[in-house]
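Undergrad: In the order they appear, the protein sequences are chains P and F. Going by this note's numbering, the first residue of the first sequence is number 185, and it counts up by one from there. Going by this note's numbering, the first residue of the second sequence is number 88, and it counts up by one from there.
No lab work stands behind these hints: they were computed from the structure. Where hints are given, some of them may not hold.
Claimed, not checked - Quick list of in silico lysine to aspartate or glutamate cross-link-like pairs, EDC-like style, CA-CA up to 16 Å:
#, chain 1, residue 1, chain 2, residue 2
1, F, Lys114, P, Asp294
2, P, Lys397, F, Asp98
3, P, Lys397, P, Asp338
4, P, Lys397, P, Glu498
5, F, Lys113, P, Asp554
6, P, Lys373, P, Glu431
7, P, Lys579, F, Glu303
8, P, Lys263, P, Asp301
9, F, Lys114, P, Glu332
10, P, Lys397, P, Glu383
11, P, Lys579, F, Asp98
12, P, Lys398, P, Glu379
13, P, Lys579, F, Glu296
14, P, Lys397, F, Asp149
15, F, Lys158, F, Glu117
16, F, Lys114, F, Asp260
17, P, Lys579, F, Asp308
18, F, Lys268, F, Glu314
19, F, Lys268, F, Glu198
20, F, Lys114, P, Glu584
21, F, Lys91, F, Glu122
22, P, Lys397, P, Asp422
23, F, Lys113, P, Asp582
What the hints assert, rightly or not - Chain P is nowhere near these chain F residues, computed Cβ spacing over 10 Å in every case:
#, residue
24, Arg106
25, Glu122
26, Ser137
27, Pro228
Since the model is a prediction, treat every value here as computed from it, not as a measurement. We put the CB at the ideal spot given by N, CA and C, even for glycine.
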Amino acid sequence: MRVRRLIAIWAAKLVSTGCKLSGRQGVTFAGKIALKIDPKILGDLASQVREKIFVVCGTNGKTTTNNLLCAAVESEGKKLVCNHTGSNMLAGVAAAFVLAAKNNGKLDADYACIEIDEASTLRTFPHFKPDFMVLTNLFRDQLDRYGEIDTTMDMLKRAMQMAPDMTVIVNGDDALSSYLAMESHNPYKTYGITEQVFESHSEHEIREGRFCKKCGARLEYEFYHYSQIGKYDCPNCDFTRPPIDFEASAIDMTDGLQFDVEGRHIAANYRGFYNIYNILAAYSAARTAGMKLENFDQVLQSFHPQNGRMEHFEINGTEVLLNLAKNPAGFNQNISAVMEDEKEKDIIIVINDNAQDGTDISWLWDVDFDRFSDPSIRSVTVSGIRCEDMRLRMKYVDIESELIADVKSAIEARIGDGCKNLYVLVNYTALFSTRNLLAEMQKK
Amino acid sequence: MKIKIGHLYPDLLNLYGDRGNIQCMKKRCEWRGIEAQVQEFHISDQVDFSDLDIVLLGGGSDREQMLVCEKLKTIREDFNEYVVDNGVVIAVCGGFQLLGHYYDTENGRIEGLSLVDLYTEQESPRLISNIVIENDAFEYPIVGFENHGGRTYIGENQPLGKVLFGHGNNGKDGVEGVLYKNVVGTYLHGPLLPKNPHVCDYLIRHALERRYGRSELEPLDDAQELEANRYIVERFVKQRG
Numbered sequence: 185m186r187v188r189r190l191i192a193i194w195a196a197k198l199v200s201t202g203c204k205l206s207g208r209q210g211v212t213f214a215g216k217i218a219l220k221i222d223p224k225i226l227g228d229l230a231s232q233v234r235e236k237i238f239v240v241c242g243t244n245g246k247t248t249t250n251n252l253l254c255a256a257v258e259s260e261g262k263k264l265v266c267n268h269t270g271s272n273m274l275a276g277v278a279a280a281f282v283l284a285a286k287n288n289g290k291l292d293a294d295y296a297c298i299e300i301d302e303a304s305t306l307r308t309f310p311h312f313k314p315d316f317m318v319l320t321n322l323f324r325d326q327l328d329r330y331g332e333i334d335t336t337m338d339m340l341k342r343a344m345q346m347a348p349d350m351t352v353i354v355n356g357d358d359a360l361s362s363y364l365a366m367e368s369h370n371p372y373k374t375y376g377i378t379e380q381v382f383e384s385h386s387e388h389e390i391r392e393g394r395f396c397k398k399c400g401a402r403l404e405y406e407f408y409h410y411s412q413i414g415k416y417d418c419p420n421c422d423f424t425r426p427p428i429d430f431e432a433s434a435i436d437m438t439d440g441l442q443f444d445v446e447g448r449h450i451a452a453n454y455r456g457f458y459n460i461y462n463i464l465a466a467y468s469a470a471r472t473a474g475m476k477l478e479n480f481d482q483v484l485q486s487f488h489p490q491n492g493r494m495e496h497f498e499i500n501g502t503e504v505l506l507n508l509a510k511n512p513a514g515f516n517q518n519i520s521a522v523m524e525d526e527k528e529k530d531i532i533i534v535i536n537d538n539a540q541d542g543t544d545i546s547w548l549w550d551v552d553f554d555r556f557s558d559p560s561i562r563s564v565t566v567s568g569i570r571c572e573d574m575r576l577r578m579k580y581v582d583i584e585s586e587l588i589a590d591v592k593s594a595i596e597a598r599i600g601d602g603c604k605n606l607y608v609l610v611n612y613t614a615l616f617s618t619r620n621l622l623a624e625m626q627k628k
Numbered sequence: 088m089k090i091k092i093g094h095l096y097p098d099l100l101n102l103y104g105d106r107g108n109i110q111c112m113k114k115r116c117e118w119r120g121i122e123a124q125v126q127e128f129h130i131s132d133q134v135d136f137s138d139l140d141i142v143l144l145g146g147g148s149d150r151e152q153m154l155v156c157e158k159l160k161t162i163r164e165d166f167n168e169y170v171v172d173n174g175v176v177i178a179v180c181g182g183f184q185l186l187g188h189y190y191d192t193e194n195g196r197i198e199g200l201s202l203v204d205l206y207t208e209q210e211s212p213r214l215i216s217n218i219v220i221e222n223d224a225f226e227y228p229i230v231g232f233e234n235h236g237g238r239t240y241i242g243e244n245q246p247l248g249k250v251l252f253g254h255g256n257n258g259k260d261g262v263e264g265v266l267y268k269n270v271v272g273t274y275l276h277g278p279l280l281p282k283n284p285h286v287c288d289y290l291i292r293h294a295l296e297r298r299y300g301r302s303e304l305e306p307l308d309d310a311q312e313l314e315a316n317r318y319i320v321e322r323f324v325k326q327r328g
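Looking at chain F on its own, in the form it has when it is part of the complex (with noise of 0.2 Å):
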């Protein structure tokens, strides 16, 4: 078996240690021998969706995804057609904001993908924090850290989960990141993945299953990834309570 993992555009949106997202992604698939190549796109690059399986979009500087957002409107369609198609996506920070209509910035407004019904604006101060949320349909709670200046409102659609500590999408409606079909958006960085094992396992068999009617994964030792994630929720949850 195999999936192909496109990263879309890591030389405009790199900031918070994406590259730890895709390693992740590719060591747990490689453990279990399933193979898992990684294709960069590049701001002049075509994309080819049909041919991908899990699609990362990652964050960048305001003025970074200004330059992104140009480009975004000519891959529109296409990169629409995929999530429709239940194609899996991890899109975070800037990438999480760049699945919406807009976003609203001091410096005039980026236009989304309108992938999911979803808008941002800014606002200060920045929120900056380690962060801890958890939604049933994972078995352990989901940690990171979080650094926007953007509020996000997703309206009627499902969270990524509920705030236990930290801010959130917008540090009012106590609800972080978005689930719509196959696409997981997320301000959490740290990285995401790898301190969340059950998430990157989660992307891995959406993946499997779409293109191989396949949804079991071999169970991995995952001692330290789930001792890396209990420090934080213990650190910051637990310790409060």
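Okay, chain P solo, but in the shape it has when bound (with noise of 0.2 Å):
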């Protein structure tokens, strides 16, 4: 058995450094190989971390919540095992474990945190059991492939379930999350946000909450975050906003992102309202797991946002800044996240329809894209396989777009005319090819 561990670690290691150049496949490609030999290999290896496990799940804010708690576990001192490329199926899980190993099969790792795609939990924890779960939100996401949202609901409950010893560290203003984390039955700990911080909100938004999931009445709101994030009661039964363990105030995101939470205050220099919950998420995790964050502050100041969210790049002396949307929820919070940005500003979206980006992108027109009819927008084009349907999105609530179907063409064209402050938006599959543009065009 043990030969057929490091027989398991070698050839992972071998495909992973064979396959370097197509980088992520090449990391799942590495899991997949590795389990087929040791289908134990996973259990094994994460039996050896010596303290604890995290696991981070939510449809959006995984990757960015995920590494922003390995960059706090290591100001800790602590080593860890993670999955940084955001590979976070079964498969991609197991290459983390694996490819940290060492050649003789040990597992040198304090901690382990590891991102998990949600449909994938089920398959996973039959392999270990996380001693927490950072549950970020639930929004509607790619229904071709996940189907209903009611549907990854019941999966997260019943992995929840497979771990009743596993505390979740839950986003107390998200109804859905919070339902979950309080049927399953597991001990949990929330984070929040009680203030209001923006006055209106968009009458449009799809909220997936607005009915409690307990009795089915109608939700009432004080007030909304964005989506159905925000703070929330049911009038017809018990279910409502927990207390909040971990909550911030004082928001203020007039020069970066600045809050207090447990009577520190809390300065971070990127954007995005979206992100003031995935620091805070890590911040919880971390602080329930017992570390004391004495160096938090240096954390976020050196940590740098990457794997296309919010990832900054420099062209020809222009700014480009990438960033992923994948679902309504996330592109509503990132044209949030462009408008924060006062100056006059380039956009190009790059829409696919692999069948890891969703072959349906009817989602395109539950995103609220009429905020781009703003006078610091200087243009819009439209990319990728389903560039078509985009610019026919943005005609319908009257804006022009440019239609240029090759993405490297696109950003050429931008960068060759436009203002010098580009955001690119891009869905999933669109990502990693846009990104590897993007760093290529910075080099040269």
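Starting from the two chains in their separate frames, assemble the complex, guided by the hints.
TA: Here it is in structure tokens:
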């Protein structure tokens, strides 16, 4: 058995080195090979983690939250295993452990911080039971792949019940996530923002949690932060926003992001309201695990969002920000983040419909693109496999867009004639190729 | 001229970009100088059908459809009168199923409105695909995306089209949707109307005809709409052939 484990590790490492060029796919492939050779390898390696295992789940914010959590854990002087590449299905999770193992089959790690695709929790938890699960939020996402949101919730609930001792660190402002945490009967801790931050709110935004999951009555909201995230209460039964353990207050977004939690002042130089939740989630998880986080300020200062989460490039004097947007809630938050920048800007939107994106792109019509009819938006360019659909989407909010199907040509065009401030918003499969393109162009 | 579009229960039935269908109808009226008022009806609201020119019934999850079906019983009579009187209805996905007598799911029967003689039964697997259909009454193919666990049987009724690519009502009889009086029922979303301006105009034209006795619609520049439509047809139908 031991020999088998070693062979699995060596084979996976070989494959991963061989596939370096293909990056993420190489990682997934390495994980598949390792599991094929030694189906128990993931459980074996996970059991060698000396202290705790965190998993991060939720529709949006998984990668950023997990990467922040990793940085926070490392700042405590701990060694860890993580899946930085965002490869988050069973094979990707296995690869994270296998590739971190030494050639002698030993894993030298105090912690593991693993993001897991919601649908993959049921396949992963038989291998190991995490100590903590961070649940960021639940929104509609890729209905053709995951089915209705009820299906995702049901899977997560069963996964939580497979690990009854696992503490869930949940976004208390999301009625769906909170309901799950309560219903699972796992121990849980909550984080949230109790003060109203935004005065007005798009009336049209699609909200999943309109109705109480417990009794079916329409939930009452004191205010919304975005989508269904806010302060809710059921007028009919005892379901209500739970008491918040880690409460962010004094939210200030005038210069980066600032807020207070547990009497500490937190400041980060990123944009996007949703990043307050990402920071708060990582902070709450590490604190729940008993870490002091005395260097959390430094963690935030030296943390640079990557993997196309507001990732910055500079190409021929043009500032380029690349951001992933793959569902209505995420896209609307992205638009808010773009509009926080009051300078003139060009926008490129890249929409693909490969299997991993979801082949159904009707969600584009649930995004509030009308907010781009603002004088600060100098131009909108649509690109990617479904650029015709995207152009049509813009037409029906009376915004003219230029169609350049090839992503590279689209970027080159706007770097050539744009206002030096370019936002590139992409969905899933467009992310990696676009990121490589931008990195390439930056080098030159 | 003015038409009024009633959007039924968007708080429960809003799965697949139904907002796009509403926006499309509204814009295509406005671009022609026709005023289009959209009224959303929530589950506790009274619906006055005599006031409406187009009714949109969207899709929801099975659980949400179950909630809606209780409410539908109370409006069934008025809704039926509207349909018999040639009222225009566009019903998508779950809405299409609710037009019929029932939808049998593994969790029990969802009673429909019985506005059209059709019924639906749940079956595995879900039928998920891009889809292209055609109907000689429409100038261009109709394209969209389907994602349904139900198999719908329309009996002797006219379908919305013949399936060129995809599954259609039940994956067996090669047809998709239903056309009954001025009711269009279909599994196509994507959303349906923006890439199928000919279907959108069909609805608007019949609504105007019913209220004003006028059926001529001023043509619009549909180059972008038809390019998006053609892309789907060429990718899924022509290249196979």
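Undergrad: If a hint holds in the structure, say so; if it doesn't, say that too.
TA: So, going through the hints one by one against the coordinates:
{"no.": "1", "hint": "F:Lys114 <-> P:Asp294", "result": "59 Å, violated"}
{"no.": "2", "hint": "P:Lys397 <-> F:Asp98", "result": "14 Å, holds"}
{"no.": "3", "hint": "P:Lys397 <-> P:Asp338", "result": "12 Å, holds"}
{"no.": "4", "hint": "P:Lys397 <-> P:Glu498", "result": "46 Å, violated"}
{"no.": "5", "hint": "F:Lys113 <-> P:Asp554", "result": "15 Å, holds"}
{"no.": "6", "hint": "P:Lys373 <-> P:Glu431", "result": "11 Å, holds"}
{"no.": "7", "hint": "P:Lys579 <-> F:Glu303", "result": "24 Å, violated"}
{"no.": "8", "hint": "P:Lys263 <-> P:Asp301", "result": "24 Å, violated"}
{"no.": "9", "hint": "F:Lys114 <-> P:Glu332", "result": "29 Å, violated"}
{"no.": "10", "hint": "P:Lys397 <-> P:Glu383", "result": "27 Å, violated"}
{"no.": "11", "hint": "P:Lys579 <-> F:Asp98", "result": "26 Å, violated"}
{"no.": "12", "hint": "P:Lys398 <-> P:Glu379", "result": "25 Å, violated"}
{"no.": "13", "hint": "P:Lys579 <-> F:Glu296", "result": "27 Å, violated"}
{"no.": "14", "hint": "P:Lys397 <-> F:Asp149", "result": "14 Å, holds"}
{"no.": "15", "hint": "F:Lys158 <-> F:Glu117", "result": "32 Å, violated"}
{"no.": "16", "hint": "F:Lys114 <-> F:Asp260", "result": "35 Å, violated"}
{"no.": "17", "hint": "P:Lys579 <-> F:Asp308", "result": "12 Å, holds"}
{"no.": "18", "hint": "F:Lys268 <-> F:Glu314", "result": "30 Å, violated"}
{"no.": "19", "hint": "F:Lys268 <-> F:Glu198", "result": "22 Å, violated"}
{"no.": "20", "hint": "F:Lys114 <-> P:Glu584", "result": "15 Å, holds"}
{"no.": "21", "hint": "F:Lys91 <-> F:Glu122", "result": "8 Å, holds"}
{"no.": "22", "hint": "P:Lys397 <-> P:Asp422", "result": "11 Å, holds"}
{"no.": "23", "hint": "F:Lys113 <-> P:Asp582", "result": "12 Å, holds"}
{"no.": "24", "hint": "Arg106", "result": "5 Å, violated"}
{"no.": "25", "hint": "Glu122", "result": "17 Å, holds"}
{"no.": "26", "hint": "Ser137", "result": "27 Å, holds"}
{"no.": "27", "hint": "Pro228", "result": "15 Å, holds"}
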